[in-house]
Amino acid sequence: MTDRARAYLAPACLAALAGGMAEARDNVQIAGSSTVLPYASIVAEAFGENFDFRTPVVESGGSSAGLKRFCDGVGAGTIDIANASRPIRAGEIAACAANGVSEIIEIRIGYDAIVFASRTGGAEFDDFSAGDWYLALAERLPLGGTMAPNPNARWSDVAPDLPDAAITAYIPGTKHGTREVFEEKVLLEGCAETGALDAMHAMGMDEDAAEAACIRLRTDGRSVDIDGDYTETLARLDSNPTGIGAFGLAFYENNTGTLDLATFDGVAPSAETVASGAYPVSRPLFIYVKKAHLGVIPGLRDFVEFFVSDAVAGPGGPLAEYGLVPDPELAATRRKVAAGQVMEPAQ
Amino acid sequence: MTDQAPQTEAQTAHRSLYAPDARTRRRNAAERRFRLYGLIAVAVGLGFLAVLLTTIVRNGLPAFTQTHVTLEVALPEAVVDPAGTRDPALMAKVYTFGYEPLLDSALAAAVAGQGIDTDMTPARLGRILSAGAPAQVRRAVLADPSLAGQSVTFRLLASSRVDGYLKGRVARADLAQDRNLDPQHLDIVDELRVAGIVRRGFNAGFITGADASESRPEQAGIGVAALGSVFMMLVVLALALPFGVAAAIYLEEFAPKNRLTDVIEVNISNLAAVPSIVFGILGLAAFIQVAHLPQSAPLVGGLVLTLMTLPRIIIPARAALTAVPPSIREAALGVGASKTQAVFHHVLPLAMPGILTGIIIGLAQALGETAPLLLIGMIGFVASTYPDGVASGFLDPNSAMPAQIYEWAKRADPAYYERAWGGIVVLLVFLLGMNLIAVILRRRFERRW
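Those protein sequences? They're chains A and B, same order as listed.
For the first sequence, my numbering assigns the number 1 to the initial residue and increments by one for each residue that follows.
For the second sequence, my numbering assigns the number 1 to the initial residue and increments by one for each residue that follows.
With the rest of the complex left out, here is chain B (with noise of 0.2 Å):
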């Protein structure tokens, strides 16, 4: 017997409203089952959002600290000016190579003030600092070249394998096979560290830094990678906005019902779900090939994410348009406003926080898509050197930072493993940053009828 089917004489008789009979316990526990399905769906969802958010920070954090070495460098006039001329242009001619003993002494000299004995060599010791220090010390001699024949005292990077003894990562085990870094010098490290030599503060250069070469991880960051995305945002928000609204709203309002306008609107639908790699071969093909514009440019980059999100912008242009009820329109024209009046004046003011949060939702999507870049050049060691201006902030080659975080993941020292790590939560604080403006502006300017 189902629910539904009629009740005879019998069962109606004998019912009571305080002892609940057998089918409506049924039809409770139906309830209250449902109602538990629903809580374990909510608490599976939280419990993967926790595993992902706290995988992310444990190994993201890391990144945000680095190891330094303040060491004074003595830069003795026969080094690092050779002509004796203090020009930023001769002195120029010294390369980094020729600052690597310098820094090499230094450190050795360091390490014996502190009383510690060591059978290596200058340069075998010198392993400890990054491969990026003695260009370091170049730019800034060549910046103040009067520093040349006096002792500056330098804060200098650790090499990664250091850096990452000093987080844990890499155990004196891991060294046994290692050509760059002996036990030895981590027994080095030790005393250094407590002498206060060698130590672990804030990494601000892996947010405002640039991108580096496979032998410095501890050098990378992701501070150009930010600007190029931002720089391709703001081609995304110049284009993406005028367009998409004025398609929603001429679809929406003006548009005659007919054939053409169901194919239109299918066809937008359609788009919004195109996989995005499709869009990088487009821009491969017609701004690379075909319009000759520059390679790894966010000029390009930002053009191919317009295509893409265009789509994702009229939709919910169109939704939000929808939403306003017809009586402000007709009340709009019974009073003599003219069709486009009705339009600007009332209806689109109206929709305009839905579109608004359709729009920062779709740049959103976008800041975090690496799919279409990688066919137009904007992986590899690309991310290298700020732009010189804005001009050069749209079309010198640059990354964005989906593609940096690619990028350092594929890299083989493990230390640009824990870099990605650290790059995706930037990434995730600019997503939420940019959601939050979103909640915000519904918040404050959404109206219910």
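Chain A with its partners taken away, still in its complex shape (with noise of 0.2 Å):
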């Protein structure tokens, strides 16, 4: 061969391989929730120890992003599971649908709670109640028959057992899945709580104004969207010891040391009070597997079932130990995935 026909020949050789290459995986790859990323990631890690295939390659990005590219079609390039920390929505199964993902299996992992905690040795917080975060965090608040400007300040003027301390919140940004539980959780309850509400309604506004209402921040700085990880909320306790700021239970025990936790309507949040419901800020976590995939990429189905097994996902389980509140109804969903149950279609 000429070194002119070498020449021609190695970049064709290079692009022929990348092409035949781009088809075929033999590793299961995950993308989404960054709140789901460290089960996942868990369970990918035990998984390519105990299993012959590769290890799973777990991603992060927010569980709208993964959605989004777990609805992108079907085929080697796109991803086969997606990690949410909310309930898929109509318009995501509706997009799914119309990229050919038309079987979903849609599986419980278990629960998750948000804490509220500050900084240890900076302002102490001992309860909260929904209420408490509403009067603290709305922009406009009904007072005297109209929609004034906060006037609260300082944690002192919402509730008197709370600290004299300015408020600064730091909360999850628009783009995380917790920030929607957040709303619905503690924002909406506590405008309900306080009567809110009801004086909206008072005043003329309709059911879904009121609901706005209840759930816009006030932008002069006392409420501060988190859009990175929690290590960022806990970098902005730190430089300011009077913040609070909202964190993933599972978070808080790896960082018992630094962070003091406060209870919310006098519920201290742990596995236990999660999985009985009486800590109220607490969402299901999920993960979306692609039905179409199940038998095609190497390692799928051994992926999912492993996933929801009892050692793996049960209490005493490695999940549970780092922080996730198992699922009481795991074995029903080990029968879904035993039977390969889709969700319906959008309707």
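Hints are supplied without guarantee of correctness; some may be wrong.
Below 27 Å or equal to it, Euclidean Cα-Cα: the simulated DSS-like pairs (lysine-lysine) are [unchecked claim]:
| # | chain 1 | residue 1 | chain 2 | residue 2 |
| --- | --- | --- | --- | --- |
| 1 | A | Lys-336 | A | Lys-291 |
| 2 | B | Lys-410 | A | Lys-175 |
| 3 | B | Lys-167 | B | Lys-339 |
| 4 | B | Lys-93 | A | Lys-336 |
| 5 | B | Lys-257 | B | Lys-339 |
| 6 | A | Lys-68 | B | Lys-410 |
| 7 | A | Lys-291 | B | Lys-339 |
| 8 | A | Lys-291 | A | Lys-68 |
| 9 | A | Lys-175 | A | Lys-185 |
| 10 | A | Lys-185 | A | Lys-291 |
| 11 | A | Lys-336 | A | Lys-68 |
| 12 | A | Lys-68 | A | Lys-185 |
Quick caveat, the hints were computed from the structure, so don't treat them as lab data.
Quick caveat: nothing in here was measured; it's all calculated off a predicted structure.
Hints are included, so try docking the two chains, each in its own frame, into the full complex.
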């Protein structure tokens, strides 16, 4: 072969090699919620150790981004599993179906709580109610018959038992699934609890407008959206000891030396109180599996079965040890996986 | 009156060469001031560097040591080989969960052997060990099935909190709310340390190891991600070197000077200033969504970094070619060489040290780049297994050193924070090595005219 022929052939070979490899894939690919990421990577690692398949790849990026990639289509170029810290929306199911992803298996892996904690040695928050959060963070409050700008500047303005510290709260940004839970289970609840919702109705606001007003947060810098991970929230608390942050229960349990927990309605978050429903600010965590990939991508079926096995996701398993609250209905989920039961198509 | 204003007769008449007049003193003072400003600027720069380096080294050094527990583990046949066949395929049916109680009771036996009284159950006591320890024992047994039925001594990883205690990161007060470890565990660790069972030593696993999940930071290493970086740099070198140098030579030596080449030149300079995240988006769109190359593959990462590095190689390469005096070209042309001969036989060899320096600096920049890798799937739990070979090294999912550091810095366990700093130390050593090569090349081959 002449040098010249070789020079032309080399890039062609590289292109052919890359093209040939693009279709075959021998590892499971997962993406989505950064809350589910630690759990999925713990399972992926244990799966790689115990089975002859390659260790699955777990990427983060947020629930919505993961589900969007999941719904891109069917084939080795798309991911097999989407992690989500909220249930899939009807619009996402429809988008999936439009791209040919019509059979989705929804698997609830367990529960996670959102806890409120401050820096050890900083302001001491003992107990919150949903109403405290609403009154502290809402942009406008119904005062004297009109929607007035939120006058509360210190926690002690909100409730006398809270510390006399300036309100600075670090809460998950809108791209996080956690934010949705915070809005639904804390702000909306607080809005109703304090009577603000009724007051808004009395002012003639319709249901949607009132709900939107309940979850609209103040923009004067007292409510800070954190778009990064909990490590960023922790760093913000380090520089502002009177601030309070929202964390996942598992994150708190790995940083008990630096964070002080506040109870919610008098209930301390723990695996027991979350499982029993006594601790209100919790949400289920999901993985969504593409049924068309089962049996095509090597190891996908084994991985999903391994994920929901009692040894992994049950009480005392590695996930529970890291901070996941085990799902009491895990056995039903296992049957669902074995039967390959898919979700109903969007209406 | 300004310095330049013409002087009167009276002033010049009184001037002495020995006693400086007011104006000279002012000028000298201005010079001294400027020198002082310069010194201050240099000192501030060095000060920042010193702070940065001491912070990195202070935070990163603990990652290079790790706590291990040396235990004699009984491997009863009934547990590790229930079929009794010594067939690794059948023995693999016993998962790591089956090995866990063996380690817990081995630790309990060691604690009892030291005469330490404790009311903790073996399972609770076992929290001292890493969650990765059962996997280590299982791997050893599967590699050598004859170990079944014997007692074997293993050097096992201790959990990250025990490791943090030995490094002074975790204190007893920090464990008050901890579910995994009690202060009582630390008392036992203290006694085991005296007995030499728990020991902190050099952490080779950090340099050669793979990424680990969030529940076992003690097992995480940067080796696989470093290999991913090496494969990406190979792609960058193989593509950016020929294309960059060819483009630079053509533009500098052959291209006609017209509006089109002006536009190209301006665009190359602009490309060099484009933020790297833009190349990541481009890579996602072009290589993954259109060309269907695999996600998270070092090949794709290398291609993206090539795009980013190309203008950064072309510009110094052109500068190196311009620095070769025209007399060299003219002399070559004068004795009858063709234009190509003049360039390749005379100009290029003289410009080579400058070009190589530019390439190495460009590679070093690409090595430290994280932003474009965010978008092509190299962040997450990716670098968990070594590639099987060269093709697998290019195509199978892997991470890169800066992406791995970013990922570790995000994780919940403070032990990962320490590893992120350790990763920075490793990355800096790589960068320092590359820059050193650039300096040596320049020193050895540079010519001045």
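For the pair we were handed, Lys-291 (chain A) and Lys-339 (chain B), check the Cα-Cα distance against 27 Å. violated (64 Å)
27 Å Cα cutoff - pair Lys-336 (chain A), Lys-68 (chain A): holds (24 Å)
Is Lys-336 (chain A) close enough to Lys-291 (chain A), meaning Cα to Cα at most 27 Å? Holds. Lys-336 (chain A) to Lys-291 (chain A) sits at ~12 Å (cutoff 27 Å).
Measure nothing beyond the straight line between the CA atoms of Lys-410 (chain B) and Lys-175 (chain A); if it is 27 Å or shorter, mark the hint as holding. holds (17 Å)
Decide if the proposed pair is consistent with the structure: Lys-257 (chain B) and Lys-339 (chain B), CA atoms, cutoff 27 Å inclusive. With a Cα-Cα distance of about 16 Å, the restraint between Lys-257 (chain B) and Lys-339 (chain B) holds, given a limit of 27 Å.
Starting from Lys-167 (chain B), check that the Cα of Lys-339 (chain B) is at most 27 Å away, please. violated (66 Å)
With the threshold set at 27 Å, check whether the alpha-carbon distance from Lys-291 (chain A) to Lys-68 (chain A) stays at or below it. Holds, at roughly 16 Å.
Hinted pair, alpha-carbon criterion (27 Å max): Lys-175 (chain A), Lys-185 (chain A). Please report holds or violated. Given pair Lys-175 (chain A), Lys-185 (chain A) holds - Cα atoms ~17 Å apart, limit 27 Å.
Is Lys-93 (chain B) within 27 Å of Lys-336 (chain A), Cα to Cα? Holds, at roughly 24 Å.
Does Lys-185 (chain A) sit within 27 Å of Lys-68 (chain A), going by the straight-line distance between their CA atoms? Status holds; Cα separation ~25 Å.
Pair hint outcome, Lys-185 (chain A) versus Lys-291 (chain A) [Cα-Cα no greater than 27 Å]: violated (32 Å)
Need the status of pair Lys-68 (chain A), Lys-410 (chain B): alpha-carbon distance at most 27 Å? Holds - the C-alpha atoms of Lys-410 (chain B) and Lys-68 (chain A) are around 23 Å apart, at most 27 Å.
Hints 3, 7, 10, counting from the list given before, are not met by this structure.
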